[in-house]
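Enquirer: The primary structure of each chain is shown beneath.
2 protein chains.
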Amino acid sequence: MSAGIGSSDPSSESAIGFRNPRIQRLRRLVAERSERRSSGLIVVEGEVLIREALSARWRCEEEFVAAGAVPVTNGTVHAVAEGVLDRVVSTESARPHVALFAVPEPTSVADSSTVLVADRLSDPGNLGTVIRSAEAAGFDAVVVTPGTVDDLSPKVVRASAGSRFHVPVSEMPLDALREAGFTLIASSSHRGSAHVDTDWAGPDRLALVLGNEAHGVDPDAPVDGWVRIAHGGRAESLNVAMASSILCFTVAQGRGLL
Amino acid sequence: MSAGIGSSDPSSESAIGFRNPRIQRLRRLVAERSERRSSGLIVVEGEVLIREALSARWRCEEEFVAAGAVPVTNGTVHAVAEGVLDRVVSTESARPHVALFAVPEPTSVADSSTVLVADRLSDPGNLGTVIRSAEAAGFDAVVVTPGTVDDLSPKVVRASAGSRFHVPVSEMPLDALREAGFTLIASSSHRGSAHVDTDWAGPDRLALVLGNEAHGVDPDAPVDGWVRIAHGGRAESLNVAMASSILCFTVAQGRGLL
Numbered sequence: 004m005s006a007g008i009g010s011s012d013p014s015s016e017s018a019i020g021f022r023n024p025r026i027q028r029l030r031r032l033v034a035e036r037s038e039r040r041s042s043g044l045i046v047v048e049g050e051v052l053i054r055e056a057l058s059a060r061w062r063c064e065e066e067f068v069a070a071g072a073v074p075v076t077n078g079t080v081h082a083v084a085e086g087v088l089d090r091v092v093s094t095e096s097a098r099p100h101v102a103l104f105a106v107p108e109p110t111s112v113a114d115s116s117t118v119l120v121a122d123r124l125s126d127p128g129n130l131g132t133v134i135r136s137a138e139a140a141g142f143d144a145v146v147v148t149p150g151t152v153d154d155l156s157p158k159v160v161r162a163s164a165g166s167r168f169h170v171p172v173s174e175m176p177l178d179a180l181r182e183a184g185f186t187l188i189a190s191s192s193h194r195g196s197a198h199v200d201t202d203w204a205g206p207d208r209l210a211l212v213l214g215n216e217a218h219g220v221d222p223d224a225p226v227d228g229w230v231r232i233a234h235g236g237r238a239e240s241l242n243v244a245m246a247s248s249i250l251c252f253t254v255a256q257g258r259g260l261l
Numbered sequence: 004m005s006a007g008i009g010s011s012d013p014s015s016e017s018a019i020g021f022r023n024p025r026i027q028r029l030r031r032l033v034a035e036r037s038e039r040r041s042s043g044l045i046v047v048e049g050e051v052l053i054r055e056a057l058s059a060r061w062r063c064e065e066e067f068v069a070a071g072a073v074p075v076t077n078g079t080v081h082a083v084a085e086g087v088l089d090r091v092v093s094t095e096s097a098r099p100h101v102a103l104f105a106v107p108e109p110t111s112v113a114d115s116s117t118v119l120v121a122d123r124l125s126d127p128g129n130l131g132t133v134i135r136s137a138e139a140a141g142f143d144a145v146v147v148t149p150g151t152v153d154d155l156s157p158k159v160v161r162a163s164a165g166s167r168f169h170v171p172v173s174e175m176p177l178d179a180l181r182e183a184g185f186t187l188i189a190s191s192s193h194r195g196s197a198h199v200d201t202d203w204a205g206p207d208r209l210a211l212v213l214g215n216e217a218h219g220v221d222p223d224a225p226v227d228g229w230v231r232i233a234h235g236g237r238a239e240s241l242n243v244a245m246a247s248s249i250l251c252f253t254v255a256q257g258r259g260l261l
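Each protein sequence line maps, in turn, to chains A and B.
Number 11 in the working numbering belongs to position 8 of the first sequence; there are no gaps in the numbering.
Number 252 in the working numbering belongs to position 249 of the second sequence; there are no gaps in the numbering.
There could be a bad hint or two in this list.
The list treats identical chains as one, so a pair stands whether inside a single copy or across any two.
[Claimed, not checked] Quick list of in silico lysine to aspartate or glutamate cross-link-like pairs, DMTMM-like style, CA-CA up to 20 Å:
# : residue 1 : residue 2
1 : K158      : E182
2 : K158      : D126
3 : K158      : E239
4 : K158      : E35
5 : K158      : D223
6 : K158      : D178
Keep in mind that the hints were calculated from the coordinates and are not lab data.
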């Protein structure tokens, strides 16, 4: 038998309501980056993503389940009154399972040889897909520069399909990456070598940089080179999510990551 | 001066309301595939997509603009009362411009040498991205098999970022493609040759087949070969949209499309 509701926490014997302080904290954690940073906690929504977090050995602090649902974790479980979780989660569809997880300490890129850099990406869906591409292509880590949308927001975690739990993500500016010995190659819509003609195997430590949706990587950014994806059709044929899939797998092939 | 509201259609001198038959037809065209098929018309939402359709030389039948907005096309224009278009369009954000376009006659794949096949894709966002990938990679055409979500739905057109206007899309079953002389290579999550080791240049006529989100391409489908994208991470690391970007550009490189 899995742990039943209430068996691990006497306080959850009756379903808690919308005004309960635990529910209000969940709401703040869903909405506010500052709350996530100060507490070191994030809200994971839905059974599939909760199982991904557990499989990546993230530590579940508390689980909240709609009345009658079977808990997914074996930690402290709170039964929640009907309709309450629908008002808390970031998705429109009802999620009978919501869990609080502790965010692991950020790791440094000291041991990484291939990283993907999201430079001031603003769309959560794009950042999630970029993280997913990097994980699938065997990159060691993802770096976000200051100004990028929060990689721990529920929308990013969901768009990453759980990849966020499996790949380390840290925040640092581009020049700090160069000081750490990385060769920075930035994606551009119009300048640089063709991605299929680039020497991806050359640099000992490679950072592939993808830029903001509207502005790209700053032309004056401290990078070592530029790469573009030759394409047909119109000028704006590719978005950053598509570019990340194409480039990550080209880099993976060039560097023998897979 | 661009054509003012009412200048090209006396009936639009006063803003039309929600119960106007033209508005009701718009609603049906947004919602119903059968209405689009029987009329040969689609609704294009928003100024950016309308301009894409015009640049692809699709024929605009009528334009509907919120009161006070400047028309984008030079065809027949109807001014619409405030708030009415918000109840018609498929997106939550208000769109001051909506236009009816005639769908060109479907072209055959007789003159195509490289096509992408969407085999029973069910998600409009995925089909839109697949079409966008195919166009950007220089494919000649897209084929959808029976059972695929309607490629003319507003959600697909929007997800394609207008690529739907620039690449011919036709519906046919896989065996008809084989009879037309295409070599069919289907994407799989687990079988076939690695995509980077596949002889993409070999077939005179190549059809790359991407399958349904949940079930993939039927293992018994009449295809000539299978290809898989080697990847790290977990089993479900890639979705069909990401796979389309990676595979289309690998095919483009192998066949010299760009």
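Enquirer: Find the hints from earlier in the document that the structure breaks and name them by number, from lowest to highest.
Expert: 1, 5 and 6
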